[in-house]
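What follows is each chain in one-letter form.
Number of protein chains: 2
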Amino acid sequence: MIVSISDPDDPRISAYRDVRERDLVGRQGRFMAEGEVVLRLLASHLNAHGRTAQGHRLLSLLVSEGQADRLADIIGALPPQLPVHVAGQQVMDRIVGFPIHRGILALGEARPAVEAGTLLDRLGPRALVVAVAGITNHDNMGGIFRNAAAFGADLVLLDHASCDPLYRKAIRVSVGASLIVPFARLADVSAMMAALEAAQTSVVALSPSGRETLSSFTPPPRVAALFGTEGPGLPAHVLATARTLAIPMAPGFDSLNVATTSGIVLHHLAGV
Amino acid sequence: MIVSISDPDDPRISAYRDVRERDLVGRQGRFMAEGEVVLRLLASHLNAHGRTAQGHRLLSLLVSEGQADRLADIIGALPPQLPVHVAGQQVMDRIVGFPIHRGILALGEARPAVEAGTLLDRLGPRALVVAVAGITNHDNMGGIFRNAAAFGADLVLLDHASCDPLYRKAIRVSVGASLIVPFARLADVSAMMAALEAAQTSVVALSPSGRETLSSFTPPPRVAALFGTEGPGLPAHVLATARTLAIPMAPGFDSLNVATTSGIVLHHLAGV
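Sequence order for the protein chains is A and B. All you need for the working numbering is the position in the first sequence, starting with 1, plus 10. All you need for the working numbering is the position in the second sequence, starting with 1, plus 10.
One should not assume that every hint holds.
Given that identical chains are not distinguished, each listed pair holds provided it fits within a single copy or across any two copies.
To be verified - Straight line, CA to CA, 25 Å or less: simulated SDA-like cross-link-like pairs of lysine to any residue:
| id | residue 1 | residue 2 |
| --- | --- | --- |
| 1 | Lys179 | Ala58 |
| 2 | Lys179 | Pro135 |
| 3 | Lys179 | Asn147 |
| 4 | Lys179 | Thr228 |
| 5 | Lys179 | Phe263 |
| 6 | Lys179 | Pro231 |
| 7 | Lys179 | Asp164 |
| 8 | Lys179 | Ala78 |
| 9 | Lys179 | Met259 |
| 10 | Lys179 | Ala260 |
| 11 | Lys179 | Asp264 |
| 12 | Lys179 | Thr239 |
Don't read these hints as lab results, they were simulated from the structure.
Isolated chain A, as found in the complex (with noise of 0.2 Å):
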């Protein structure tokens, strides 16, 4: 349903006012998602509802009348009640708050929080996750979302340290991937790997200080990589108990950023 807008207060829009601003106050369970790319995937795994299969919902697009063409086709195969609003490029770096550079957003409502347990008890005989503790970083947690997307990782678990996969500069780093991919909170790195075990997944915490090579490690049918933060790393008492994989590195350059590490891990284990 096209909506053309020429005035920036149009309530109808309210939603999109000052994007960067509502990106750092409550959200409400709202998300906003941008650019093509991201729409095209979004819209592909809506149902007729306008729902994804993890449950989140896409209430209205605010796109530039330059890119309303080229979206022809995306919007066509939309639920055709939902608001597809068009307006002139400056009237919507006036709504936004800022230059879109590419004119196209998409607001969304998120599915309420999904128990782990939940989504661990989905998982089927061969399964790969991705556990993440401390990833405070937007590009990084967008990142290791691209990377599980791309190899196809069926879970996500985050502690409570973890920033948002859906805030806005994740979706979008993420290219999309964080609205695609299941994910779920536990407390912290105890918790996850508690849920892990229980659900027969096991685990294996990437650490420059690990006792086994990546390389040299054959993945079991089920299987969870756990990732902390580049600088502290993960706790001493969980590279203590869990089994620990290090990536050998050059001398005197022992870095890799984490979603980089991410993407290593997840080429090795999905064994492709």
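Given the structure of chain A, go ahead and fit chain B onto it with the hints provided.
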């Protein structure tokens, strides 16, 4: 040599003023490195004349009063005539035009450009080369250098369309790696492939449409991995003639970041 600075207009620190603008205009062969980790790496690679093995030269430091004590070990080991400017945080913020979070800046002089052939001639019987084309994003460039350093790559080749690895943000994202990994430019992919062939180094081109998978590829002793941009990828004539490798991904999400891809590929080629 500690130099206390209390006036943002002090001519002795004119090179640090308005760092952001300087990044955008010609930088006359200068580079700017930020933060303790990068400074420690750079300092550990300096000879008695303040030069790295690549020929980059450290000209001076600018550190906030709060950081000078923490960096005493580095400062003490620098060539004694090298100026270390110490300023209060407020003066520092005014000097550089925006807040430098960690209060540490290093100004250097980049070595003159080196011929790719000169660096290729120095490769040993085992060598790992990274070649990139059309990488215009400094985050990606920094990430590629970080991975090159982590996996002991001997050399990075860039085409003329790629951005400067010594741009401030690229140095920061590389965690200093772009200051220590040798690199050289050639005009384009064809020139890189010709130079690598002349140097008896096998080239593999990464592409989602690659004819072999990365994991099935056994690297020869001297190997170069060629990466294009995320969107358009490498030119068709290159993919038609080169040996091509793919990283298989999940259906419906055929997307990896190019820096992450370089990490996965270098991890495999390094054989660690």
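Each hint, compared with the structure:
no. : hint            : verdict
1   : Lys179 / Ala58  : neither (27 Å within a copy, 44 Å between copies)
2   : Lys179 / Pro135 : neither (34 Å within a copy, 44 Å between copies)
3   : Lys179 / Asn147 : both (10 Å within a copy, 17 Å between copies)
4   : Lys179 / Thr228 : neither (35 Å within a copy, 38 Å between copies)
5   : Lys179 / Phe263 : between (29 Å within a copy, 19 Å between copies)
6   : Lys179 / Pro231 : neither (33 Å within a copy, 41 Å between copies)
7   : Lys179 / Asp164 : within (22 Å within a copy, 34 Å between copies)
8   : Lys179 / Ala78  : within (23 Å within a copy, 35 Å between copies)
9   : Lys179 / Met259 : between (30 Å within a copy, 23 Å between copies)
10  : Lys179 / Ala260 : between (32 Å within a copy, 23 Å between copies)
11  : Lys179 / Asp264 : between (28 Å within a copy, 20 Å between copies)
12  : Lys179 / Thr239 : both (19 Å within a copy, 21 Å between copies)
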